[in-house]
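S.K.: Chains D and U, in that order, are what the protein sequence lines are. Here the first sequence is numbered in our numbering, starting from 2 and rising by one per residue. Here the second sequence is numbered in our numbering, starting from 195 and rising by one per residue.
There's no promise every hint is true.
[Stated by the list, open to error] Sample of chain D residues lacking proximity to chain U, with all beta carbon distances greater than 10 angstroms (derived):
#1 282
#2 359
#3 384
[Stated by the list, open to error] Distance condition first, Cα-Cα at most 20 angstroms in a straight line; then the derived SDA-like pairs of lysine to any residue:
#4 D/85 to U/545
#5 D/136 to U/511
#6 D/136 to U/496
#7 D/136 to U/509
#8 D/85 to U/534
#9 D/85 to U/532
#10 D/393 to D/455
#11 U/548 to D/101
#12 D/85 to U/550
#13 U/548 to D/81
#14 D/221 to D/231
#15 D/180 to D/328
#16 U/548 to D/282
#17 D/85 to U/511
#18 D/393 to D/346
#19 D/393 to D/408
#20 D/85 to U/541
#21 D/260 to D/138
#22 D/85 to U/539
#23 D/85 to U/540
#24 D/136 to U/510
#25 D/136 to U/498
#26 D/85 to U/535
#27 D/136 to D/37
#28 D/217 to D/167
#29 U/548 to D/278
Hints in this document: simulated from the structure, not taken from any laboratory. We treat Cβ as the ideally placed atom computed from N, Cα and C, and that holds for glycine.
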Amino acid sequence: MTASPSGWETVIGLETHVQLSTRTKMFCGCSAAFGDPPNTNVCPVCLGLPGALPVPNEQALKLALRGALALQCTVHARSVFARKNYFYPDLPKGYQISQFEEPLATGGTLGFFSPERGFVMASIVRLHVEEDAGKSLHDRYPRTTAVDLNRSGVPLVEIVTGPDFRSPGEARAYLLELKHLLEYARISDCDLEKGSLRVDANVSVRRTAGDPLGTKTEVKNINSFAFVEKALGLERDRQIAELEGGRPIVQATMLYDSKANAVRHQRTKEHSHDYRYFPDPDLPPLVLPAEWIDEQRATLPELPAAKRERFVAQYGLPRQDAAVLTHTRAVADYYEGVVHAGADPKPAANWVMGEALADAKDHHDTLRVPAATLAELIALVKGGTLSHQAAKKVFGEIAAKGGDPRVIAEALGLIQVADAGALSAWVDQALAASPAEVSRYRAGETKLLAFFVGQVMKASRGKADPKLIPAVLQEKLSR
Amino acid sequence: MSDAVAGARSAADRISKLRRLNAVLTKQTELRKALVAQADAARPTGVLYGMPVAVKANICTLEFQTSCGSRILEDYRSPYDATAVARLKEAGALIAGATNCDEFAMGSSTEHSAFGRTIHPIDKTRVPGGSSGGSAALVAAGAVPAALGSETGGSVRQPASFCGVVGIKPTYGRVSRYGLVAFGSSLDQIGVFGRSVHDAARVLSVISGRDPRDNTCEDRDPLRLPTVPENLDGFVIGVPKEYFPPDLDPGVRRACDRAIRILRELGAAVREVSLPHTPYAVPTYYIIAPAEASSNLARFDGVRYGVRAEGPLPDVRALYRETRGAGFGAEVRRRILIGTYVLSSGYYDAYYRKAQQVRALIAQDFRNVFDRGVDLLFTPTTPTPAFKAGAKLADPVQMYLSDIFVCTANLAGLPALSLPIGRVKGLPIGGQLMGPHFLEDEMLEAAYALERAVPATEEA
Numbered sequence: 002m003t004a005s006p007s008g009w010e011t012v013i014g015l016e017t018h019v020q021l022s023t024r025t026k027m028f029c030g031c032s033a034a035f036g037d038p039p040n041t042n043v044c045p046v047c048l049g050l051p052g053a054l055p056v057p058n059e060q061a062l063k064l065a066l067r068g069a070l071a072l073q074c075t076v077h078a079r080s081v082f083a084r085k086n087y088f089y090p091d092l093p094k095g096y097q098i099s100q101f102e103e104p105l106a107t108g109g110t111l112g113f114f115s116p117e118r119g120f121v122m123a124s125i126v127r128l129h130v131e132e133d134a135g136k137s138l139h140d141r142y143p144r145t146t147a148v149d150l151n152r153s154g155v156p157l158v159e160i161v162t163g164p165d166f167r168s169p170g171e172a173r174a175y176l177l178e179l180k181h182l183l184e185y186a187r188i189s190d191c192d193l194e195k196g197s198l199r200v201d202a203n204v205s206v207r208r209t210a211g212d213p214l215g216t217k218t219e220v221k222n223i224n225s226f227a228f229v230e231k232a233l234g235l236e237r238d239r240q241i242a243e244l245e246g247g248r249p250i251v252q253a254t255m256l257y258d259s260k261a262n263a264v265r266h267q268r269t270k271e272h273s274h275d276y277r278y279f280p281d282p283d284l285p286p287l288v289l290p291a292e293w294i295d296e297q298r299a300t301l302p303e304l305p306a307a308k309r310e311r312f313v314a315q316y317g318l319p320r321q322d323a324a325v326l327t328h329t330r331a332v333a334d335y336y337e338g339v340v341h342a343g344a345d346p347k348p349a350a351n352w353v354m355g356e357a358l359a360d361a362k363d364h365h366d367t368l369r370v371p372a373a374t375l376a377e378l379i380a381l382v383k384g385g386t387l388s389h390q391a392a393k394k395v396f397g398e399i400a401a402k403g404g405d406p407r408v409i410a411e412a413l414g415l416i417q418v419a420d421a422g423a424l425s426a427w428v429d430q431a432l433a434a435s436p437a438e439v440s441r442y443r444a445g446e447t448k449l450l451a452f453f454v455g456q457v458m459k460a461s462r463g464k465a466d467p468k469l470i471p472a473v474l475q476e477k478l479s480r
Numbered sequence: 195m196s197d198a199v200a201g202a203r204s205a206a207d208r209i210s211k212l213r214r215l216n217a218v219l220t221k222q223t224e225l226r227k228a229l230v231a232q233a234d235a236a237r238p239t240g241v242l243y244g245m246p247v248a249v250k251a252n253i254c255t256l257e258f259q260t261s262c263g264s265r266i267l268e269d270y271r272s273p274y275d276a277t278a279v280a281r282l283k284e285a286g287a288l289i290a291g292a293t294n295c296d297e298f299a300m301g302s303s304t305e306h307s308a309f310g311r312t313i314h315p316i317d318k319t320r321v322p323g324g325s326s327g328g329s330a331a332l333v334a335a336g337a338v339p340a341a342l343g344s345e346t347g348g349s350v351r352q353p354a355s356f357c358g359v360v361g362i363k364p365t366y367g368r369v370s371r372y373g374l375v376a377f378g379s380s381l382d383q384i385g386v387f388g389r390s391v392h393d394a395a396r397v398l399s400v401i402s403g404r405d406p407r408d409n410t411c412e413d414r415d416p417l418r419l420p421t422v423p424e425n426l427d428g429f430v431i432g433v434p435k436e437y438f439p440p441d442l443d444p445g446v447r448r449a450c451d452r453a454i455r456i457l458r459e460l461g462a463a464v465r466e467v468s469l470p471h472t473p474y475a476v477p478t479y480y481i482i483a484p485a486e487a488s489s490n491l492a493r494f495d496g497v498r499y500g501v502r503a504e505g506p507l508p509d510v511r512a513l514y515r516e517t518r519g520a521g522f523g524a525e526v527r528r529r530i531l532i533g534t535y536v537l538s539s540g541y542y543d544a545y546y547r548k549a550q551q552v553r554a555l556i557a558q559d560f561r562n563v564f565d566r567g568v569d570l571l572f573t574p575t576t577p578t579p580a581f582k583a584g585a586k587l588a589d590p591v592q593m594y595l596s597d598i599f600v601c602t603a604n605l606a607g608l609p610a611l612s613l614p615i616g617r618v619k620g621l622p623i624g625g626q627l628m629g630p631h632f633l634e635d636e637m638l639e640a641a642y643a644l645e646r647a648v649p650a651t652e653e654a
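Build out the structure end to end from the sequences listed, making use of the hints.
M.R.: In C-alpha cells form, the structure reads like this:
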C-alpha cells in the first residue's frame with residue numbers, strides 16, 4: 002500500500018492520544034497502573050462523587066511540557082483547562098477535563114521518512130493535556146454494560162497534526178517516529194496493547210495537489226500500527242469509489258473493524274455532539290513557572306533525529322545503520338558504550354546490529370552482553386586471537402552465562418593458533434583428505450585456494466589463524 | 195456523662211421540639227444517636243468542643259445523607275467528610291444533622307426542596323429565605339448556636355436577613371469547597387450562620403485556610419479573629435446608591451438609615467458611592483450560575499449512585515432522560531436548560547462570554563471604590579423582609595430579584611455578611627457589610643461594633 006491510485010491525492014491528518022508515564026492519575030492520587038482488577042484504583046475524585054474536586058498532577062504537567070518541547074512546539078506559559086461536556090456511562094462527571102481555546106502548546110514539527118517522498122516535516126497544530134475516561138465493557142455480562150473506572154482520570158496528551166500526510170504509509174511512518182520520540186524522552190511507553198497510544202485520523206481525497214481539501218471523514222478505533230495503513234487505505238478507497246460513482250462524500254465518523262478488515266459508519270446519532278466547552282471553574286488557569294520550562298528543556302535527552310545525524314557524522318556510519326542503532330534509547334546507549342570501551346565504530350555497529358540485537362530479540366529486548374565485554378570481544382578479533390566465527394560462539398556463551406571473553410574462549414579451545422608446527426600439521430591433514438582437489442590445483446585451478454583454507458579451518462576446528470593459512474598452503478602445494 | 199454528651203442530648207431535644215419547622219432532614223432518632231456518638235469521641239481540647247453545628251444538606255458528612263434537597267440523591271451517603279466538616283470535627287464540634295435547602299441550592303425560599311418547605315421560625319406563613327433556609331431557621335429558633343450553609347448568589351446572607359441571624363460569606367477561596375456539592379463552582383463558597391457575629395466568626399475561623407484538595411482555595415492560614423473594637427474611628431464606609439432604589443421597602447430603608455446613623459456615631463465616616471454595573475448583576479448571575487450548574491449536575495445520571503429510573507428502558511439515553519426527568523425538580527430542570535442553552539455553540543459568545551465580561555466590570559466597580567479609600571460597604575441585605583410562602587413560586591424572576599443585593603459579592607468573590615439591624619412589622623431585616631478580598635477581619639470588626647450598638651429586635 003503506497004501512493005494513492007492514479008488520479009487522486011490522499012490527505013490525512015492525525016489526532017493521537019498518548020498516556021503520560023506517571024505513577025498517579027491526572028487530578029487525584031490514584032494509581033494509573035494498567036491491568037488491575039476493575040474499579041480498584043478509584044477515589045471520590047475520579048469516580049466523580051458529589052463534592053469532589055480535581056487537583057492537577059505536577060508530574061503529568063512536566064511530562065506534557067516535555068512532549069511539547071520535544072515536538073518543537075511553542076509552549077504557552079498560561080493555558081486553560083476546559084470542560085468537554087457529554088453523557089456517557091464511563092464518563093463519571095458528565096464532562097472530560099481537557100483544554101480547548103488555550104492549549105498548553107501549539108505550532109510544532111516532527112520530521113519523518115515518507116515511503117514515497119523521503120524526508121517530510123509534519124506540522125503539529127496543538128498539544129493539550131486531558132484526562133482519560135473509564136472503560137465500558139460490553140461483552141462481560143449478557144445484555145449489560147459494565148464500567149471500569151480504573152482508567153478514569155489517567156493523564157493524556159492529545160497531539161494534533163495538520164493535514165500533512167499523503168498516504169496511509171506516511172501516516173504510519175509519522176506514528177512510528179512519534180512513538181519513537183515519546184519513548185526516547187520518557188514521556189510515554191506508547192504501548193498500544195494497553196491503550197497508551199490511540200489514533201484517530203481525518204481522511205479526504207482530491208483530484209490534484211493544488212485543489213482545495215475534499216470533505217473529510219474521521220476514522221476511529223485504530224488500535225495497532227499494522228491497522229493504520231489498512232484502515233486508512235480502506236477509507237481512501239471507499240471515498241474514491243464514492244466520488245468516481247458520482248456520490249459526494251458525507252462528513253462522518255467511520256469505525257475500523259479489524260476482524261472484518263472493514264470501515265463502517267458510526268451511527269450519526271452517537272456523534273452529533275455539541276460539547277459545550279467552557280473553562281473549568283474548578284481549575285485556575287495553568288501558569289507554568291519559567292524555571293519549570295527551562296528545567297524540562299535542559300533535561301530533555303538528545304532526540305532520535307539529532308542522535309541519528311550525530312552517529313552518521315561522528316562514527317562514519319551509513320544513515321541506515323545509524324537509524325537502526327538509534328531506534329531505541331537503550332540500543333543507542335549500548336552502542337555508544339561499546340565504542341567508548343574502545344571498539345572501532347564500524348565493527349561495533351555490525352556486532353550490535355547483528356549478534357546483540359538478534360540475541361535481544363529472543364530475550365525480551367534485553368541486551369545480555371555488557372557493552373564493555375562486547376568491546377573486549379571485538380578487540381580479541383581485531384588482535385587475531387579469535388576468528389570471527391569463534392567470537393560469535395563466545396558471544397553466545399557470554400549472553401547465556403556471563404563471563405570474561407578470553408577465559409571463555411580458552412575454555413572452549415577457540416584461541417587462534419599461530420604456531421607453525423600445529424598449522425603445518427592441519428594443512429597436511431587437509432591436503433591429505435582432498436587428493437583430487439590437490440591435483441586440480443596443481444593443474445592450474447588456483448582459485449581452489451579458498452576451498453583449502455576452509456578445509457584447514459575445519460581441521461583446526463576454528464583455531465587456526467585464517468590470515469596465516471594461505472602462505473603455508475601455497476608453500477606446500479607448490480612442492 | 196461528659197459535658198459534651200449532655201450538650202449533645204439537649205441539642206437533640208431542642209431540634210426535636212422544632213420539627214414543625216422542617217429545618218432538618220435527618221431523622222430525630224438517627225440525629226440523637228449520631229450527636230451522642232460524636233460527643234463521646236470529640237476532642238476536649240478543640241476550640242469548638244461540644245458545640246453543635248448543623249450542616250446544609252449539600253455539604254458532605256459521613257454521619258448524614260447528603261441529599262442536596264433532591265429526590266435524585268435521596269438516600270445518598272458520602273464516603274468522605276467535606277474539608278469544612280472534617281475541620282469542625284477536629285475542633286471538637288458536633289455535626290448536628292443535615293439541614294433542609296432548596297434543591298441543589300437553587301432557590302431563595304427553601305420552597306424548592308424535594309422534602310417540603312422550611313417554615314419561618316417567627317411567622318409560619320412565611321419563608322425563611324434560601325437556599326440555606328433550614329440552617330438559618332434552626333439557628334434563629336435557638337436550636338444550635340451556629341450552622342453551615344452555602345452561597346452561590348446570597349444563599350446564606352438572604353436567609354440570615356429573613357430569619358434575624360448573622361450570616362457570613364467569606365472571600366472566594368477562603369474556605370475549601372472540597373465536599374460542597376457544586377452548583378456554580380466559580381461562585382460557590384461555604385458560609386456560616388451564627389446567633390452572634392462571634393459565634394459565626396469562630397466557626398468560620400475553624401473551617402478556613404488552605405486545602406490541597408481544592409485548587410481554588412487560597413494558600414493562606416486560617417482566618418484570625420479580630421478583637422471587638424471600642425469604636426469605628428478611621429473606618430470609611432461607602433453606601434452604594436444603587437442599593438437604595440426608589441421602590442425599596444420603606445421599613446427596610448428606615449432600618450438602614452438607623453444603622454448608618456449608628457455607624458457614624460461609632461466614628462465611621464460614611465459616604466455615598468456608586469457601583470454603576472449593579473443593575474446587570476442578576477442577569478449576569480442567571481447566565482453564569484446555570485451554565486456551571488448544567489455541567490456540575492451532569493454527573494447525576496443514575497449510573498453510579500443516587501436514584502435510578504426503574505423499568506424496561508430501550509437504551510442508556512432513556513435511562514438518563516427518565517432518571518433526570520424524575521429525579522430533578524422543576525427549578526433545577528429550568529436552570530439546567532438555561533445553562534445548556536447559554537453554553538451551546540452559536541450562543542456561547544452572546545451569553546456566557548458576554549456574562550463573564552460583565553462580571554469583570556462588576557468586580558471592577560468594587561475595586562474602584564475600595565481603591566479610593568473606602569474600607570467597607572453598607573447596604574440592605576434584602577429589598578424586603580421575609581415574604582409569604584408561595585408568593586413568588588409562580589414568577590421565577592421575582593424570586594431571583596430577592597437576591598439583587600447579595601449576588602454581587604459572589605460575582606466579585608468578595609467577603610460579605612448580613613447582621614440583624616431591626617424589625618419591620620415584627621419581621622427581622624438584615625444589613626449587609628462587604629469588604630475587599632481577604633479582609634474579613636476589618637469587616638468583622640465593623641460587624642462587632644454595629645451588632646453591639648444596633649437595636650436589632652426593635653421596629654425600625
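S.K.: Next step is simple, just say for each hint if it's right about the structure.
M.R.: To see whether the hints hold, each was checked on the structure:
At roughly 4 angstroms, the least C-beta separation between residue 282 of chain D and chain U is not larger than 10 angstroms, which violates its mark as non-interface. For residue 359 of chain D, the shortest C-beta to C-beta distance to chain U comes to about 51 angstroms, beyond the 10 angstroms cut-off, and the non-interface label holds. At the 10 angstroms boundary, the C-beta of residue 384 of chain D stays outside the reach of chain U, the nearest C-beta of that chain being 63 angstroms off. About 18 angstroms separates the Cα atoms of residue 85 of chain D and residue 545 of chain U, which keeps this hinted pair within 20 angstroms; it holds.
Proximity of residue 136 of chain D to residue 511 of chain U is assessed by CA-CA distance (about 18 angstroms); at most 20 angstroms being required, the pair is judged to hold. At most 20 angstroms may separate the alpha-carbon atoms for a hinted pair to count; residue 136 of chain D and residue 496 of chain U meet this at roughly 17 angstroms. A threshold of 20 angstroms between alpha carbons decides the hint, and for residue 136 of chain D with residue 509 of chain U the separation of about 18 angstroms falls inside it, so the pair holds. Distance restraint check for residue 85 of chain D and residue 534 of chain U: the Cα-Cα separation of roughly 12 angstroms lies within the 20 angstroms cut-off, and the hinted pair is therefore satisfied.
Distance restraint check for residue 85 of chain D and residue 532 of chain U: the Cα-Cα separation of roughly 18 angstroms lies within the 20 angstroms cut-off, and the hinted pair is therefore satisfied. Under the criterion of a C-alpha separation no larger than 20 angstroms, the hint pairing residue 393 of chain D with residue 455 of chain D is consistent with the structure, at around 17 angstroms. Note on residue 548 of chain U and residue 101 of chain D: the hinted pairing holds, with a Cα-Cα distance of about 18 angstroms set against a maximum of 20 angstroms. Between residue 85 of chain D and residue 550 of chain U, the direct Cα distance comes to roughly 19 angstroms. Compliance with the 20 angstroms bound is thereby established for this hinted pair.
Taken as a hint, the residue 548 of chain U and residue 81 of chain D pair is honoured in the structure, with Cα atoms around 18 angstroms apart against an allowance of 20 angstroms. Restraint check for residue 221 of chain D and residue 231 of chain D: the C-alpha separation of about 13 angstroms stays at or below 20 angstroms, so the hint holds. Between residue 180 of chain D and residue 328 of chain D the CA atoms are separated by roughly 10 angstroms; this keeps the pair inside 20 angstroms, and the hint holds. Of the supplied pair hints, the one linking residue 548 of chain U and residue 282 of chain D holds, its CA atoms being roughly 16 angstroms apart against a limit of 20 angstroms.
For the hint linking residue 85 of chain D to residue 511 of chain U, the alpha-carbon distance of about 18 angstroms falls within 20 angstroms, and the restraint holds. Annotation: proposed proximity of residue 393 of chain D to residue 346 of chain D holds, straight-line Cα distance about 18 angstroms (limit 20 angstroms). Annotation: proposed proximity of residue 393 of chain D to residue 408 of chain D holds, straight-line Cα distance about 15 angstroms (limit 20 angstroms). The hinted pair formed by residue 85 of chain D and residue 541 of chain U meets the criterion: a straight-line CA distance of about 16 angstroms does not exceed 20 angstroms.
Proximity of residue 260 of chain D to residue 138 of chain D is assessed by CA-CA distance (about 18 angstroms); at most 20 angstroms being required, the pair is judged to hold. Restraint check for residue 85 of chain D and residue 539 of chain U: the C-alpha separation of about 12 angstroms stays at or below 20 angstroms, so the hint holds. The suggested pairing of residue 85 of chain D with residue 540 of chain U holds, with an alpha-carbon distance near 16 angstroms, which does not exceed 20 angstroms. Using a Cα cut-off of 20 angstroms, the hinted pair residue 136 of chain D and residue 510 of chain U holds, with the two alpha carbons roughly 15 angstroms apart.
This hinted pair checks out: residue 136 of chain D and residue 498 of chain U have alpha carbons roughly 14 angstroms apart, not beyond 20 angstroms. The suggested pairing of residue 85 of chain D with residue 535 of chain U holds, with an alpha-carbon distance near 15 angstroms, which does not exceed 20 angstroms. Simply put, residue 136 of chain D and residue 37 of chain D have alpha-carbon atoms about 13 angstroms apart, close enough for the 20 angstroms limit, and the pair holds. At roughly 14 angstroms between alpha-carbon atoms, residue 217 of chain D and residue 167 of chain D fall within 20 angstroms of each other, so this suggested pair holds.
Restraint check for residue 548 of chain U and residue 278 of chain D: satisfied, since their Cα atoms lie roughly 15 angstroms apart, inside the 20 angstroms limit.
Comparing the model with each earlier hint shows a violation of hint 1 alone; every other hint is respected.
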